[in-house]
Amino acid sequence: MRVLYVSTEVYPALKTGGLADVNAALPPALIRLGADVRLLLPGFPALLAAAAPLARVATLEAAFGAAPAHVARGALAGVPAYCIDAPGFYARAGGPYTDAARLDWPDNHLRFALLGWVAARFADGAIDGWRPDIVHGHDWHAGLAPAYLAARGGDRPGSVFTVHNLSYQGQFPAETFGALGLPPHFFALQGLEFFGKVNFIKAGLHYADRITTVSPAYAREIQTAEQGCGMDGLLRSRAGALTGILNGVDPREWSPAADPRLPARYDAANLAGKAVCKTVLQAALGLAAGAAGPLLGVVSRLTRQKGLDLLLAVLPRLLEGGGQLALLGAGDADLEQGFRAAAGAHPGAVAVRIGYDEDLAHAIVAGADAIAVPSRFEPCGLTQMYGLAYGTLPLVRRVGGLADTVRDAGSPGGNGFIFDEATAAALCAALERVLVLWRDPPAGRRCAAGGWARTSAGSRRRAATWSCTVPCGRRLDAMRPRPLTRAPLSGAGRRRRTALARPCRRAAGRAAAVAPAGNPFAQRPGGCLARSLHHHPGFYKMK
Numbered sequence: 001m002r003v004l005y006v007s008t009e010v011y012p013a014l015k016t017g018g019l020a021d022v023n024a025a026l027p028p029a030l031i032r033l034g035a036d037v038r039l040l041l042p043g044f045p046a047l048l049a050a051a052a053p054l055a056r057v058a059t060l061e062a063a064f065g066a067a068p069a070h071v072a073r074g075a076l077a078g079v080p081a082y083c084i085d086a087p088g089f090y091a092r093a094g095g096p097y098t099d100a101a102r103l104d105w106p107d108n109h110l111r112f113a114l115l116g117w118v119a120a121r122f123a124d125g126a127i128d129g130w131r132p133d134i135v136h137g138h139d140w141h142a143g144l145a146p147a148y149l150a151a152r153g154g155d156r157p158g159s160v161f162t163v164h165n166l167s168y169q170g171q172f173p174a175e176t177f178g179a180l181g182l183p184p185h186f187f188a189l190q191g192l193e194f195f196g197k198v199n200f201i202k203a204g205l206h207y208a209d210r211i212t213t214v215s216p217a218y219a220r221e222i223q224t225a226e227q228g229c230g231m232d233g234l235l236r237s238r239a240g241a242l243t244g245i246l247n248g249v250d251p252r253e254w255s256p257a258a259d260p261r262l263p264a265r266y267d268a269a270n271l272a273g274k275a276v277c278k279t280v281l282q283a284a285l286g287l288a289a290g291a292a293g294p295l296l297g298v299v300s301r302l303t304r305q306k307g308l309d310l311l312l313a314v315l316p317r318l319l320e321g322g323g324q325l326a327l328l329g330a331g332d333a334d335l336e337q338g339f340r341a342a343a344g345a346h347p348g349a350v351a352v353r354i355g356y357d358e359d360l361a362h363a364i365v366a367g368a369d370a371i372a373v374p375s376r377f378e379p380c381g382l383t384q385m386y387g388l389a390y391g392t393l394p395l396v397r398r399v400g401g402l403a404d405t406v407r408d409a410g411s412p413g414g415n416g417f418i419f420d421e422a423t424a425a426a427l428c429a430a431l432e433r434v435l436v437l438w439r440d441p442p443a444g445r446r447c448a449a450g451g452w453a454r455t456s457a458g459s460r461r462r463a464a465t466w467s468c469t470v471p472c473g474r475r476l477d478a479m480r481p482r483p484l485t486r487a488p489l490s491g492a493g494r495r496r497r498t499a500l501a502r503p504c505r506r507a508a509g510r511a512a513a514v515a516p517a518g519n520p521f522a523q524r525p526g527g528c529l530a531r532s533l534h535h536h537p538g539f540y541k542m543k
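Under this note's numbering, the first residue of the sequence shown carries the number 1, and numbering increases by one thereafter.
Worth flagging that the hints you see were computed from the coordinates, not collected in a lab. Check each hint, because a few of them may be wrong.
To be verified - Derived EDC-like pairs: lysine to aspartate or glutamate, alpha-carbon spacing no greater than 16 angstroms straight-line: (1) Lys15 x Glu175; (2) Lys15 x Glu358; (3) Lys197 x Glu175; (4) Lys15 x Asp357; (5) Lys15 x Asp359.
Said to hold, decoys possible - Simulated restraints, written as ranges between beta carbons of each label pair: (6) Gly78 x Val436: 43 to 51 angstroms; (7) Arg152 x Ala272: 55 to 63 angstroms; (8) Glu226 x Arg261: 15 to 23 angstroms; (9) Asp357 x Arg317: 35 to 43 angstroms; (10) Gly17 x Pro412: 28 to 36 angstroms; (11) Glu226 x Ala67: 56 to 64 angstroms; (12) Asp334 x Gly129: 35 to 43 angstroms; (13) Thr423 x Ala264: 48 to 56 angstroms; (14) Val436 x Arg238: 41 to 49 angstroms; (15) Ala269 x Trp130: 24 to 32 angstroms; (16) Arg317 x Ala289: 16 to 24 angstroms; (17) Gly154 x Gln190: 36 to 44 angstroms; (18) Val436 x Glu226: 25 to 33 angstroms; (19) Ala257 x Thr279: 54 to 62 angstroms.
A virtual CB, placed ideally from N, CA and C, is assigned to each residue, including glycine.
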């Protein structure tokens with residue numbers, strides 16, 4: 001199965017959020033399963049440098065007001081990568097989507113239309129002599145790829161569109177439509193038009209053969225008015241093509257037993273190294289050793305979506321309970337200022353680092369006792385999964401992927417702490433339970449430290465990883481997109497596709513049986529053992 005994987009960032013070359021982590025982990029996981037996966041990326045300088053050496057494989061005619069673009073082939077972490085070398089669009093100071101002042105580039109509609117247009121150009125095999133079976137676009141930046149494929153018609157690859165966060169939609173004035181090169185009737189209610197504007201994510205949702213999200217709960221939530229961001233009606237109409245399965249943790253990057261960034265390594269059977277990580281983290285951040293309460297970690301964008309205003313409101317209770325806070329992140333100016341002020345008022349108890357630092361992110365996840373993700377909405381969330389993998393108990397709101405991965409400590413097999421309402425009072429009540437478990441473990445446990453260690457060891461054993469995706473997602477083989485017209489496979493191609501699909505069919509019947517009793521990742525409607533929708537060739541199979 002040949003898959004063109006269309007996105008905009010890949011860790012460690014370029015990262016603005018969790019999308020880059022997924023893009024770094026998913027293609028290699030698919031390749032290990034026998035798929036021929038190749039990345040298609042905008043030619044941002046960081047990606048061009050990381051994919052070097054590059055060999056030009058195609059020169060395309062001028063489009064979208066830019067000079068002719070070149071497509072060059074290289075590799076990122078062993079994954080073949082095509083980069084669109086269009087310096088007029090991509091070689092800019094600032095970020096990939098915004099300028100140095102954090103304002104959207106005014107021509108973003110053209111910059112990312114080019115990405116989708118080039119993806120569709122692979123359909124005829126004219127680029128590098130390679131034709132994908134599936135074009136898989138990620139988030140609004142790749143939303144036009146299914147539209148260009150649909151406009152092309154005829155014998156075309158199938159398309160899959162994955163929504164990582166529906167609130168970022170790529171919306172532009174109506175007058176920009178004429179520059180996109182799409183048929184006029186595509187600017188309509190049954191197309192790209194959204195309240196009189198061009199909407200890239202709507203293009204992906206409407207024209208893709210299959211739609212996916214990054215958690216089962218989020219797939220349900222975005223079909224409601226509350227979390228549908230205006231797309232709930234469209235998503236309900238396409239419910240038969242919509243699937244949500246959780247992301248996972250890449251054990252090559254996130255494993256406390258092998259993490260080179262940690263001062264000491266550990267695993268679920270021996271947590272001694274975790275205590276060392278905590279001590280080193282406290283010293284590095286200027287936090288007092290021997291605090292009476294737990295160390296709460298935060299690695300996040302500082303936004304209202306992430307519920308960090310709620311955490312700021314309940315911070316006094318954490319400190320009253322003898323706890324500490326270690327925070328890494330950046331975002332809204334008022335939240336940055338609020339946490340800075342708290343650190344200034346409580347030296348030795350609150351440490352705040354504004355910005356992004358991968359080494360410190362690993363140190364906080366490993367050294368903290370609990371990790372807070374109190375989001376108002378959360379498509380999937382990776383931080384709580386990192387916490388589970390590192391024995392750091394998640395404190396989360398019951399929403400999206402957080403609800404799919406964390407089971408409350410008060411229930412059998414609990415691996416974290418959950419609250420329901422997006423209020424400071426509800427978060428404070430959950431925080432109170434964190435403090436109670438720290439001070440007073442359940443009956444039969446002699447000391448708080450021992451009880452915490454046993455709970456966190458259990459959470460590590462239940463962490464989801466990308467390697468778990470093989471047995472879990474096989475059932476998707478039966479969930480096919482609408483039929484596509486395509487050239488018949490050769491005999492070798494038929495044999496290869498059959499070999500890839502066979503274990504999918506076998507595992508589909510036994511997936512629930514192999515899930516351990518009490519495992520929070522057990523099979524559920526719309527879910528899987530452990531995760532990610534598109535992480536196996538069976539998902540891409542189309543008949």
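Against the structure, the hints:
1. Lys15 x Glu175: violated, 31 angstroms
2. Lys15 x Glu358: The hint holds at about 10 angstroms.
3. Lys197 x Glu175: holds, 8 angstroms
4. Lys15 x Asp357: holds, 11 angstroms
5. Lys15 x Asp359: holds, 14 angstroms
6. Gly78 x Val436: 43 to 51 angstroms: holds, 47 angstroms
7. Arg152 x Ala272: 55 to 63 angstroms: holds, 59 angstroms
8. Glu226 x Arg261: 15 to 23 angstroms: The hint (15 to 23 angstroms, Cβ to Cβ) is violated, given that glutamate 226 and arginine 261 are roughly 39 angstroms apart.
9. Asp357 x Arg317: 35 to 43 angstroms: For aspartate 357 and arginine 317 the Cβ distance comes to about 28 angstroms; the hint is violated.
10. Gly17 x Pro412: 28 to 36 angstroms: holds, 34 angstroms
11. Glu226 x Ala67: 56 to 64 angstroms: violated, 45 angstroms
12. Asp334 x Gly129: 35 to 43 angstroms: This hint is violated: roughly 53 angstroms between Cβ atoms.
13. Thr423 x Ala264: 48 to 56 angstroms: Roughly 38 angstroms apart at Cβ, these two residues miss the hinted range, so it is violated.
14. Val436 x Arg238: 41 to 49 angstroms: Given about 45 angstroms between the Cβ atoms, the range holds.
15. Ala269 x Trp130: 24 to 32 angstroms: Cβ of alanine 269 to Cβ of tryptophan 130: about 46 angstroms, so the range 24 to 32 angstroms is violated.
16. Arg317 x Ala289: 16 to 24 angstroms: Once the Cβ atoms are compared, 22 angstroms apart, the range 16 to 24 angstroms for alanine 289 and arginine 317 holds.
17. Gly154 x Gln190: 36 to 44 angstroms: violated, 20 angstroms
18. Val436 x Glu226: 25 to 33 angstroms: The hinted range 25 to 33 angstroms holds for valine 436 and glutamate 226, with Cβ atoms some 32 angstroms apart.
19. Ala257 x Thr279: 54 to 62 angstroms: violated, 19 angstroms
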